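Protein chains in written order, with my numbering: chain A, 1 to 594; chain B, 1 to 227.
Think of the hints as simulated: they come from the structure by calculation, not from any bench.
Misleading hints may appear alongside valid ones.
With a straight-line Cα cutoff of 27 Å, these simulated DSSO-like cross-link-like pairs (lysine-lysine) come out [claimed, not checked]:
#1 Lys376(A) with Lys586(A)
#2 Lys529(A) with Lys376(A)
#3 Lys32(A) with Lys529(A)
#4 Lys199(B) with Lys209(A)
#5 Lys191(B) with Lys13(A)
#6 Lys13(A) with Lys209(A)
Covered stretches of chain B (chain A as the covering partner; in silico rule of three or more C-beta atoms under 8 Å from a C-beta of chain A) [claimed, not checked]:
#7 51-61
#8 74-80
Computed footprint of chain B on chain A; a stretch qualifies when at least three of its residues, placed anywhere within it, have a C-beta under 8 Å from a C-beta of chain B [what the hints assert, rightly or not]:
#9 187-200
#10 204-210
#11 227-235
#12 242-252
#13 266-274
All of these numbers come straight from a predicted model, not from anything done at the bench.
For glycine and all other residues, C-beta sits at the position ideal for the given N, C-alpha and C.
Here's the letter readout for the chains.
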Amino acid sequence: MHHLSAREAQHLKPASFIRKHIFSLDHKVIGKQYYVLALVAALIGMVLSWLMRIHLAWTNYPIPSLHLLSANGAPGNVMTPEYYLQLMTMHATIMVFFVLTTAPFAAFGNYFLPIQVGAEDMPFPHFNMMSFWLTFSSLLVLMSSFFVADGPTLGGWTQYAPLSAVGSASGPGQGTGVVLWATAIGLFCIGQLLGSLNFITTTLDMRTKGMSMWRLPITVWAWFITSVMGLTAFAVLMPACILLILDHVAGTSFFVASGLVLNDQLLPHSGGSTLLWQHLFWFFGHPEVYIAIVPGVGIVSHVLIANMRRPMLSHRVLIYSMGALAVLSYMVYGHHMFVSGMNPVSSLAFSFPTLVITIPSTIIVVIWMGSIYGSKLRINTASLFALGFVSMFISGGVSGFFLAQPSIDIMLHATYFVVGHFHLVMGVAAIFGIFAGTYFWFPKMFGRMMSETLGKIHFWLTFVGSYCIFMPFHYLGIAGNVRRYQAFVDDYTQPLIPLHRFITVAAILTGLAQLIFLYNLIHSRFWGKIAPDNPWEATTLEWSTPTTPPPHNNFGDKLPEVFHDPYQYGVESSVGDYVMQASPEKVKSAHDEA
Amino acid sequence: MATTVHEPPRIEERRDRPRVISDSGNSGPGTLVPASGDFLAVKDYSPSPSSTAIWVLLASITMTFAAFTSALIVRQGSSLDWRHLSLPRILYFNTLLLLASSFTLEVARRQVGDYMREQRNGNAHAARWLYITLILGLLFVTGQYLAWLQLRAQGLFMATNPSSSFFYVLTAAHALHVLGGLGGLTRVIRKFNRSTLRKTTLDATSHYWHFMDALWVYLMLLLWIKL
Chain A
1 MHHLSAREAQ HLKPASFIRK HIFSLDHKVI GKQYYVLALV AALIGMVLSW LMRIHLAWTN
61 YPIPSLHLLS ANGAPGNVMT PEYYLQLMTM HATIMVFFVL TTAPFAAFGN YFLPIQVGAE
121 DMPFPHFNMM SFWLTFSSLL VLMSSFFVAD GPTLGGWTQY APLSAVGSAS GPGQGTGVVL
181 WATAIGLFCI GQLLGSLNFI TTTLDMRTKG MSMWRLPITV WAWFITSVMG LTAFAVLMPA
241 CILLILDHVA GTSFFVASGL VLNDQLLPHS GGSTLLWQHL FWFFGHPEVY IAIVPGVGIV
301 SHVLIANMRR PMLSHRVLIY SMGALAVLSY MVYGHHMFVS GMNPVSSLAF SFPTLVITIP
361 STIIVVIWMG SIYGSKLRIN TASLFALGFV SMFISGGVSG FFLAQPSIDI MLHATYFVVG
421 HFHLVMGVAA IFGIFAGTYF WFPKMFGRMM SETLGKIHFW LTFVGSYCIF MPFHYLGIAG
481 NVRRYQAFVD DYTQPLIPLH RFITVAAILT GLAQLIFLYN LIHSRFWGKI APDNPWEATT
541 LEWSTPTTPP PHNNFGDKLP EVFHDPYQYG VESSVGDYVM QASPEKVKSA HDEA
Chain B
1 MATTVHEPPR IEERRDRPRV ISDSGNSGPG TLVPASGDFL AVKDYSPSPS STAIWVLLAS
61 ITMTFAAFTS ALIVRQGSSL DWRHLSLPRI LYFNTLLLLA SSFTLEVARR QVGDYMREQR
121 NGNAHAARWL YITLILGLLF VTGQYLAWLQ LRAQGLFMAT NPSSSFFYVL TAAHALHVLG
181 GLGGLTRVIR KFNRSTLRKT TLDATSHYWH FMDALWVYLM LLLWIKL
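With the rest of the complex left out, here is chain B (with noise of 0.2 Å):
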């Protein structure tokens, strides 16, 4: 193995907060909000464990759905007991408010660019475009609460048939991970007013917010073609 030698140490001393790592050589947690909880002050960041964590974890969700789709292509394949199952219409309706609710969200997240980075005053603006995100997806896991009503009036439960099955727990698995998400929201919502949010936060979230939309879109198709 090489010998790597630096030049002798420069520790830093810790600065105004003792316990935060400014210095690490990598990319460390850089974002935090200063101490004066002044969080205009933030005006950029590098990547944080954040950052990281909500790929980490959307790769973890994509295995869940990877796992729940083969087991859907292996159980279609190995029966003759499939039934087609027809989709409900509210189902369109609610791809649209999801698709509406990336959208408002993406304008939200600029507008909170803008906002840190002094472009623009007061926060009004953006904390209006989380609440129409929250209720966007809020009128999203209801409206799919509808579809499984209307599945139930024709007769359709869970154990009816292997295509309903496979769409009660795709759409709960899903409705599931997006209420994870308004939790998130409504954290992003709370800590905005306070302004203690962080741009990774928020980032995190939308990025988490984005993939339920595109993993919703994903699943419609599936649906779609294979019930």
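This is chain A alone, in the form it adopts within the complex (with noise of 0.2 Å):
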């Protein structure tokens, strides 16, 4: 494996239309591969969640043709508790791993990573397709769980032992179901671990003349960041899918404790810890939640200092602070089990670094408002996400101020108000920062570009529908509502129901705006106006390729030399008011002078 070399790197054009466009060593096809799969992924865990926002708001309504997807957790298009669950683990599943890891890490950072370095491609392109046809496999195995006997898993992404280790006795789907999918997440680790491997040579080893590591972009250093995360974290998560597998079908009891009886029965399980899962799975958990935020933190950076037309602040300070968070992420992971009976000491020193997480996070924050500040920022649909995405941020981790002190948390615990929290700062505003990776680079991904106007009425329509979502799930939360219940049949969630109604529409309506960027995708790609080479008129390398898109090596006949750093902004040169990282014009900038 690693005798794969560098020689394997400059692989020849591809010349049949498999290799070219299905079994690419080109790690822009898989960049674009990985779009694709977000991309579906995306839609299908939406559909999901359409799904049970409506069984929510009206319990005993029939969803047409339901009995379509299961027969058995559908009878007369009513959705079962048990079915709800099963959408609910799946469409968790689907969203945190095929779509907030992949878009913004696998997809954009193996189109633009190795450009941005000045690379040629990864240094180890047959590893990088494996990694996509693992995840891809992957998904696969997910899906096919709906169409196994009974159905998906119920028991949640977090899969808590023992209801995932005790096999089909607890549920419809916690036998091959739980299985499907340990096998699917085991087989997304690999891929990840591969990818990972592949993002951080590259980084290392593979920068052109001249590309220090000071001078990388911001975006270079979040892939890279979020590499090692992935690199320790996935590593956890699989050995942990490789016990719960065995529980299943070796007979193990590495999760289930002895004497659990379950419907009258017996186990014959002996002595394992429940426990053990939770730790496992929050080591790799936490640091996920970092996975899918920091590439969004790298490309939102990118993108607005091109349409501030000026450096952040500080460039160093930003990526010191996404370090940080890559090693806090690591102390923190306990909070998520403040109430599963550990010991309060534990629960303190999980609280501590808890709290100073949000120090680096507020600093980043504070870097962005100081940089925007002032700034005449051009107002475009990939500016406007990058905005909504610290709006995103900003909302969603003021929560999490709420959640990390213990007292709180045992309040709010398993209630709407965490769903809130963890959707806004993680879900929202990941996708809104793969939003704005893709209005930003469409142009050099395609050639085209997208239409303005259908992008900012999609910013509009998805800003305002997002918050109209989920903002009042903290209410809810905070009236009491507990989160993964089918059905509020309380007299004190009665009078909730209305919220809960309003956040269906809102959610079916949000969702239907996204077929505008649908359409706009679709349409630019094939009959957008045709990009120029430069259209933002930006600095870093992925805008000095000779063509627009790159051709299959990157860069042509000549590597590209880096003269500057990233984001030389707001001086005089003789393109404008910036300089090119490849281009040897000596300038001042207005920093300088100052």
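Join these two chains into a complex; the hints should help.
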């Protein structure tokens, strides 16, 4: 494996359709493949969320054709409680793994990291191809659980033991469904490890002449930091999945305690530790949150800088803060387990770094705000989505302060407050990052411009819609509305039903607004205005490629040489108020004169 | 941000092989076999992606086994059903085999180094040591299989007891990684025989192999103390 050489990185341009578009070694094609995979996964995940929302708002209302999805799960087109949980589990798994991890990290990272460091490709293109196809098989395995007898698992994306480990006696989908889930996630882990291997080696070893580490764009730093996190986090989730599968198929007792009685039957397992799963899972699970968000932080900073026409207040502090997020993300995982029967001293030990991790996040936000303040920000769809990201990151982050404190968390744990918190800060924010990246880089990836008018309509509908969906979640949580319930029948939840209906309508409308994006994407891909090489007058290497989209080896006959820091805006040069990294022109920045 | 400006450009045209990044400012792949395929011409090496990649890979393997270890410790601490498991004797022999294979690989690596520096004629010696390493590795995996057979004969299966569960899981996970290493060694031998072996490839493979060795010693200690 490790002998795959740089020689193979310089693979020849493929001739056949299959080698060019399907089993491609080209990082750009693999990046696009990841993007399409994430797009399909996002659509599936969104439809699942619609079904759940409709069921929550109008519990016994039959959803037409639902029985086609599952005959057992929806008799008479009305969702059973178990089926609700199955859809919820699949929604979360698909979104977390195949959208939030895949799009900002694997898709854009694959496409742009090698170009931004000035390389021809990743050093291990075969691994790169394997990484995508493992992720693809992982999605297939996961989706296949819809087609087994009792459907997918209902244990939630966290798959807490012992529910996840005792087999089909604990509910539909808890036998084969869990095994398929764990297999899918295991495959996904291997795919991500191979991807991270390539990202790290590309960043460290494939930089072109003059590209020192501090001259790397923020995006490259974000992807690099994320791959380091991914490397360690996914390497822990994989053994956890193996142990879970063994509890199912080999009769071991890693996660099932002794003396457990289920459906009046004593289980044969003995002595396993249910908390062990939570420890292993959250050791991965919390860094995973940052794996989803840090690439977004990078992309959004990159987009904002190009549109503010000046660098961030501090390039280095922003990077140090992302690094601090990565390091701290391993020390806070226990805050997911405050109510799991953990020693109160441990709670305190995990509470402290959880509060500390808000410091680098706050520094990042302050740098953004300070940099935007007074800048003549160019308003386009990409920069709007970047601003939207900042907004979501703040709104979702603020509720984190509440949850970081065990005494408050005990109240709010497992309520819609938590659901609102992580949907805003991790889900919507990361998706806004994906949109910002898409509108910004689409011209380079496909050689055509996207429609700005449609883009802005898409932005405002999505922005307002997302707040309409997720802000009320916080009120629901404070009112005591517990999450993961399929219907609200208690007296105190009755007054909350109208709010649930509002959320459902907002979710459907916001989802429909994504059709505008889809139309814009497909229409612009074939019929959009032809894009110039550098439509945003940006400085980094992806805008210095000889053609748009870049040729097979990215830079044609010559690799670029880098003469400048990544973001030289606000200068006077022959091309305007910026100088490109690969341009040898000597300029003085306004910053220097000041 | 400070402005840093270089002297005007001196972008070199690519030389004989147009796609080699020979003048990258950093540690790009500088260890390619010349187009002629004469691997004697490769005298030395600078860091290349495979040298970095191997450390990255070992870091993630370390994390995986750290997770297994913590699972073992938590599982043992939280239960009353833990039974002591006597390690099959053959494991000690297997340990010796693996340690010996690290030694033979190191001998091979030095001989290849000498050969590359033209201090030695003919590559027969080096190849012999590589083959010995491969055989020792295969013997190790076979020995591990025999150890499982011995446990099975004692009626200790995967699900019998948590200690036997962990024994099987840890040894199997390690054996799979060793098989990967054997694949790597086979590749090295094939490339060596075709004179297309790069020093970095051999180094990366041997780092991996020695790591498997150290990992096994660690696992032996863990199993010996804990089971």
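Verification of the supplied hints:
no., hint, verdict
1, Lys376(A) with Lys586(A), "holds (25 Å)"
2, Lys529(A) with Lys376(A), "holds (26 Å)"
3, Lys32(A) with Lys529(A), "holds (20 Å)"
4, Lys199(B) with Lys209(A), "holds (24 Å)"
5, Lys191(B) with Lys13(A), "holds (24 Å)"
6, Lys13(A) with Lys209(A), "holds (24 Å)"
7, 51-61, "holds (count 8)"
8, 74-80, "holds (count 5)"
9, 187-200, "holds (count 4)"
10, 204-210, "holds (count 7)"
11, 227-235, "holds (count 4)"
12, 242-252, "holds (count 6)"
13, 266-274, "holds (count 4)"
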